[in-house]
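*Asks:* Please put together the full structure from these sequences, using the hints given.
Listed below, chain by chain, are the residues.
Number of protein chains: 2
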Amino acid sequence: MNIHRRLFLLSLIFFQFITAQNISSVESRISDLYIKSLTKGMSYSWLEHLSKNIGGRLSGSLNTERAIDWVRNELINISLDSVWLQPVMVPKWVRGSFEYANIESSPGNIINVNICSLGGSIATPKGGIKAKVVEVKNLEELKSIGRKNINGKIVFFNRPMEPGFIDTFKAYEGALDQRYGGAAEAAKYGAVAVIVRSMNLRLDDYPHTGEMSYGSLPISKRIPAAAISTNDAELLSSMISLNPNLNFFLRQDCKNYPDVKSYNVIGQIKGTDFPEKIILVGAHIDSWDLGDGAHDDGAGVVQCMEVLRLLKITNYKPKNTLRLVLFVNEENGGSGAKAYSEIISKKREKHILALESDSGAFAPKGFVFDTGEAYFERILKWKPYFQPYNINLFKIDYIGTDFRLLNNDALVLSGLKTDSQRYFIYHHSEIDTFETINKRELEIGSATMAALIFLTDYIGLE
Amino acid sequence: MNIHRRLFLLSLIFFQFITAQNISSVESRISDLYIKSLTKGMSYSWLEHLSKNIGGRLSGSLNTERAIDWVRNELINISLDSVWLQPVMVPKWVRGSFEYANIESSPGNIINVNICSLGGSIATPKGGIKAKVVEVKNLEELKSIGRKNINGKIVFFNRPMEPGFIDTFKAYEGALDQRYGGAAEAAKYGAVAVIVRSMNLRLDDYPHTGEMSYGSLPISKRIPAAAISTNDAELLSSMISLNPNLNFFLRQDCKNYPDVKSYNVIGQIKGTDFPEKIILVGAHIDSWDLGDGAHDDGAGVVQCMEVLRLLKITNYKPKNTLRLVLFVNEENGGSGAKAYSEIISKKREKHILALESDSGAFAPKGFVFDTGEAYFERILKWKPYFQPYNINLFKIDYIGTDFRLLNNDALVLSGLKTDSQRYFIYHHSEIDTFETINKRELEIGSATMAALIFLTDYIGLE
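If you read the sequences in order, they're chains A and B. Under this note's numbering, the first sequence has 155 at position 155, and the numbering climbs by one with no breaks. Under this note's numbering, the second sequence has 1333 at position 333, and the numbering climbs by one with no breaks.
No lab work stands behind these hints, which were simulated from the structure alone. Since this is a predicted model, take the numbers as computed values, not measurements. Errors might be hidden in some of the hints.
[What the hints assert, rightly or not] Taking lysine-lysine and the DSS-like style, the derived pairs with C-alpha atoms no more than 27 Å apart in a straight line are: (1) B:1126 / A:383; (2) A:395 / B:1277; (3) A:221 / A:188; (4) B:1132 / B:1153; (5) B:1312 / B:1255; (6) B:1270 / B:1221; (7) A:40 / B:1255; (8) A:383 / B:1381; (9) B:1040 / A:170; (10) B:1132 / A:170; (11) A:92 / A:338; (12) A:148 / A:188; (13) A:143 / A:126; (14) B:1255 / A:381; (15) B:1381 / A:381; (16) B:1148 / A:395; (17) A:270 / A:317; (18) A:338 / A:270; (19) B:1338 / B:1317; (20) A:188 / A:92; (21) A:383 / B:1170; (22) A:137 / B:1395; (23) B:1395 / A:383; (24) A:347 / A:381; (25) B:1188 / B:1148; (26) B:1395 / A:395; (27) B:1277 / B:1317; (28) B:1395 / A:381; (29) A:40 / B:1137.
[As the list claims (entries may be wrong)] Pulled from the structure, derived: some chain A residues nowhere near chain B, Cβ distances all over 12 Å: (30) 86; (31) 104; (32) 112; (33) 163; (34) 166; (35) 235; (36) 241; (37) 276; (38) 316; (39) 350; (40) 381.
A virtual CB, placed ideally from N, CA and C, is assigned to each residue, including glycine.
*Replies:* Okay, structure coming up:
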């Protein structure tokens, strides 16, 4: 775009820019949060450290403990009033050193495919599993195919995420049952393993891991579960249609260990007027192990840290206590969130609003809220404050898992909502890495969260 | 994000998804446009062809003529009622084969830097130019420094785009005068060349080209102009502060040729009720030459094509004439837009609404409109139709150059507004390529444009 004819607007813009600073203290404070985040922010360099110097942070791993230590130190460095660790027992599942699969269309005729173990899966026997494949679209189809067609075979769940949804999280929810419950269900019909199409709207070569569960299935009945890349799911499906008797070979040596001790990281700025009332920002410090967890949820971690830092460096003194909680073990168990909700019930702490960031470092569109109409109406009155920043989405919706447990305590649960089109390209795969982060999108997210926390504290909800 | 607890929402979502189809014919038609774009769209494969098989399309180049031929054929293939080419004379500027620059901090101590000629610049002498450098932030600073400090030197314009702006186009406008008018101004004070910091908010190694003008400066007084990458602008600045007497060497052999013949590509579906009234979609078919112009403005080209195709494949029969214009020579002259505006004045054709796409294939946020309050109020009533697609931005603002000339004719000028955070990473540089396109973001843009065109035709503005 050539816009030299736009030059005449220049003086007008600068005029607007300067006067905006003086309209009112609310507007100017919010403007200051955005400008500081974009010009003197720490979000990006913090995320670089967490992603590149520490890396993937699966619960129970050494990396997770390193991340917890580092975050605690950074929170002490930015001079919060208090910083502490809450001990939590977390599951320890380890991927192991070897994941391999191939399609054998005829003896000796082998094509390697890209797979990864699903989180929580058992290993295959040492020599791997080789079996015929039955392809299904959903859990119901297992029943209609029946044990006689499944017994001894590998079940291949190949229902794609629905591309027609605008919100890709809805498409994810619509495909998720295969990954989460596919193995437990297929085992009931005698399957020897399951292969699940990766939760990815794009066709590419990266398998995407994620949590699976055997439910109440006894240990002796459990079968290995792996995800296959979308390109290889398409390949496998077309090869099956040519040769329904082809063999699939899977070998993986992941393992579940006994639970180990870990921590939620908590820090806060004490309120001047109502120290007993808490306004919470939260994210999860753990991640999957394939990438470095920059989007899920490294971005959320540094955005929460940056919210408190931005409010401090703009000299804002909160009336209520502003607290940050970085939950451990969101990805495969949720024990961090559970431990936090238990301690706040026990202490009878009151949360006014809890704001989560767990949808990747993409351009923020707004917020979702899980609250009653009355509180939502009050929050809607703040919408004009966000208009200069193109933050337009304010809606009632479901809030992510870690915050679910606060439901009975907090007046308002909320979540930062980012543009979701690119999220599932990276999610739970080896390409969820720092290189895919856009600095400005991350920073605008931090400022947007800080603005909501500021408004909640300064104007109040009641 | 682990959201297995969301599974219970699944049935609810599908229910909403299905019932949404039947609410009314307006909503269901719009839903159909989005779903068809995302599941059976041509935007992405068209853009792949235009970007990878044709490539950069600077006015006057063979590639531009190939693009014009290809687009015309595709428009015939999708069975528009008529497709034609409007002849236009366009400038022909050629980059040449050699662009090179270095910093010589002391004799023999040389560091190469990344530069590219600005569009329209003259070449250096064959052996290049070596001179001392004077760094300035803006055009006004030249005056205060004065001829005695500038004469015989290279002027280095190094004012960064302002990161505090949320809309990066505003930051672009605020830095653009250096690139567009810097050479003409510096030449008046005896400068021998100008180097301009690339219009890029990010620090990286890619120089960004773009249009420059010598204004009324006589040919004998003109001096070469080049852009330098943001990393190298930072490097040069810090080296100047250590050694103000360092030398800079620049060599380039770009050249202006006489104007050549080219074409605007025009196609239309004739209206059933008001064939003389035109609803226009437009983009520019030319691009800069460094990358393949996928974002600027290949995306706009295929989105406009897709608007007409989507309306056809969803069996919509427009009441007004729906026309597509792909302007040539937007980047360095604007002769295509001028020729189109001349012909419509001559023919006294009436445009109801003209919708441009020229802000890259990023997630659409909404539209800007250049129109009177009355029309804007009517359009605002359509906003709820866009809510399911997270299209929330409807505002009065400036519209891009090609459409400017329609101002006296059309009731409403409008532009698709995308999220702007990533645009200037790629803009006019060698990394504006197809690999940086997100398929879904592009497709949602096409559907969003199609929805506005449908509403304008079906509901009407008057």
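*Asks:* Take the hints in turn and mark each one as holding or not.
*Replies:* Taking the hints in turn, this is what the structure says about them:
Distance restraint check for residue 1126 of chain B and residue 383 of chain A: the Cα-Cα separation of roughly 59 Å exceeds the 27 Å cut-off, and the hinted pair is therefore not satisfied. Taking the CA atoms of residue 395 of chain A and residue 1277 of chain B, the gap is about 39 Å. The hint is violated against a cut of 27 Å. Straight-line distance between C-alpha atoms of residue 221 of chain A and residue 188 of chain A comes to about 8 Å, which keeps the hinted pair within the 27 Å bound. Distance restraint check for residue 1132 of chain B and residue 1153 of chain B: the Cα-Cα separation of roughly 5 Å lies within the 27 Å cut-off, and the hinted pair is therefore satisfied.
Of the supplied pair hints, the one linking residue 1312 of chain B and residue 1255 of chain B is violated, its CA atoms being roughly 44 Å apart against a limit of 27 Å. At most 27 Å may separate the alpha-carbon atoms for a hinted pair to count; residue 1270 of chain B and residue 1221 of chain B exceed this at roughly 52 Å. Annotation: proposed proximity of residue 40 of chain A to residue 1255 of chain B is violated, straight-line Cα distance about 42 Å (limit 27 Å). For the hint pairing residue 383 of chain A with residue 1381 of chain B, the CA-to-CA distance comes to about 19 Å; that is within 27 Å, so the pair holds.
A C-alpha spacing of about 20 Å is found between residue 1040 of chain B and residue 170 of chain A, which places the hinted pair at or below 27 Å, so the restraint holds. Between residue 1132 of chain B and residue 170 of chain A, the direct Cα distance comes to roughly 60 Å. Violation of the 27 Å bound is thereby established for this hinted pair. In summary, the hint linking residue 92 of chain A to residue 338 of chain A is supported, as the alpha carbons are separated by about 17 Å, within the 27 Å threshold. For a cut-off of 27 Å, the pair hint linking residue 148 of chain A to residue 188 of chain A stands: about 12 Å separates their Cα positions.
Proximity of residue 143 of chain A to residue 126 of chain A is assessed by CA-CA distance (about 30 Å); at most 27 Å being required, the pair is judged violated. Between residue 1255 of chain B and residue 381 of chain A the alpha-carbon distance is near 57 Å, which puts this suggested pair outside the 27 Å criterion. At roughly 21 Å between alpha-carbon atoms, residue 1381 of chain B and residue 381 of chain A fall within 27 Å of each other, so this suggested pair holds. Taken as a hint, the residue 1148 of chain B and residue 395 of chain A pair is broken in the structure, with Cα atoms around 62 Å apart against an allowance of 27 Å.
Between residue 270 of chain A and residue 317 of chain A the CA atoms are separated by roughly 9 Å; this keeps the pair inside 27 Å, and the hint holds. Annotation: proposed proximity of residue 338 of chain A to residue 270 of chain A holds, straight-line Cα distance about 24 Å (limit 27 Å). Of the supplied pair hints, the one linking residue 1338 of chain B and residue 1317 of chain B is violated, its CA atoms being roughly 30 Å apart against a limit of 27 Å. Distance hint between residue 188 of chain A and residue 92 of chain A is fulfilled; the C-alpha atoms sit about 26 Å from each other, no more than 27 Å.
The straight-line distance between the Cα atoms of residue 383 of chain A and residue 1170 of chain B is roughly 22 Å, inside the 27 Å bound, and the hint therefore holds. For the suggested pair residue 137 of chain A and residue 1395 of chain B, the alpha carbons sit about 44 Å apart, so the restraint of at most 27 Å is broken. Under the criterion of a C-alpha separation no larger than 27 Å, the hint pairing residue 1395 of chain B with residue 383 of chain A is consistent with the structure, at around 16 Å. Taking the CA atoms of residue 347 of chain A and residue 381 of chain A, the gap is about 32 Å. The hint is violated against a cut of 27 Å.
At roughly 12 Å between alpha-carbon atoms, residue 1188 of chain B and residue 1148 of chain B fall within 27 Å of each other, so this suggested pair holds. Distance check on the hinted pair: residue 1395 of chain B and residue 395 of chain A sit about 21 Å apart at the alpha-carbon level, within 27 Å; holds. About 14 Å separates the Cα atoms of residue 1277 of chain B and residue 1317 of chain B, which keeps this hinted pair within 27 Å; it holds. For the hint pairing residue 1395 of chain B with residue 381 of chain A, the CA-to-CA distance comes to about 19 Å; that is within 27 Å, so the pair holds.
Of the pairs offered as hints, the one joining residue 40 of chain A and residue 1137 of chain B holds, with about 21 Å between alpha carbons and a cut-off of 27 Å not exceeded. Non-interface call for residue 86 of chain A relative to chain B: holds, since the shortest CB-CB distance, roughly 20 Å, exceeds 12 Å. Annotated as non-interface, residue 104 of chain A keeps its C-beta farther than 12 Å from every C-beta of chain B; the closest such distance is 33 Å. Here residue 112 of chain A stays apart from chain B, with its beta-carbon at least about 25 Å from theirs, past the 12 Å limit.
Not every CB of chain B lies more than 12 Å from the CB of residue 163 of chain A, the least distance being 5 Å, so the non-interface label is violated. Some Cβ of chain B comes within 12 Å of the Cβ of residue 166 of chain A; the nearest lies about 5 Å off, and the non-interface call is violated. For residue 235 of chain A, the requirement that its beta carbon stay farther than 12 Å from each beta carbon of chain B is met, with the minimum near 20 Å. Under the 12 Å C-beta cut-off, the non-interface status given to residue 241 of chain A relative to chain B holds; the minimum distance is some 21 Å.
With a minimum CB-CB distance of about 30 Å to chain B, residue 276 of chain A clears the 12 Å threshold, and the non-interface call stands. At the 12 Å boundary, the C-beta of residue 316 of chain A stays outside the reach of chain B, the nearest C-beta of that chain being 19 Å off. No Cβ of chain B approaches the Cβ of residue 350 of chain A within 12 Å, the least distance being about 24 Å, so the stated non-interface status holds. Look at residue 381 of chain A: its CB is around 17 Å from the nearest CB on chain B, clear of 12 Å, so calling it non-interface holds up.
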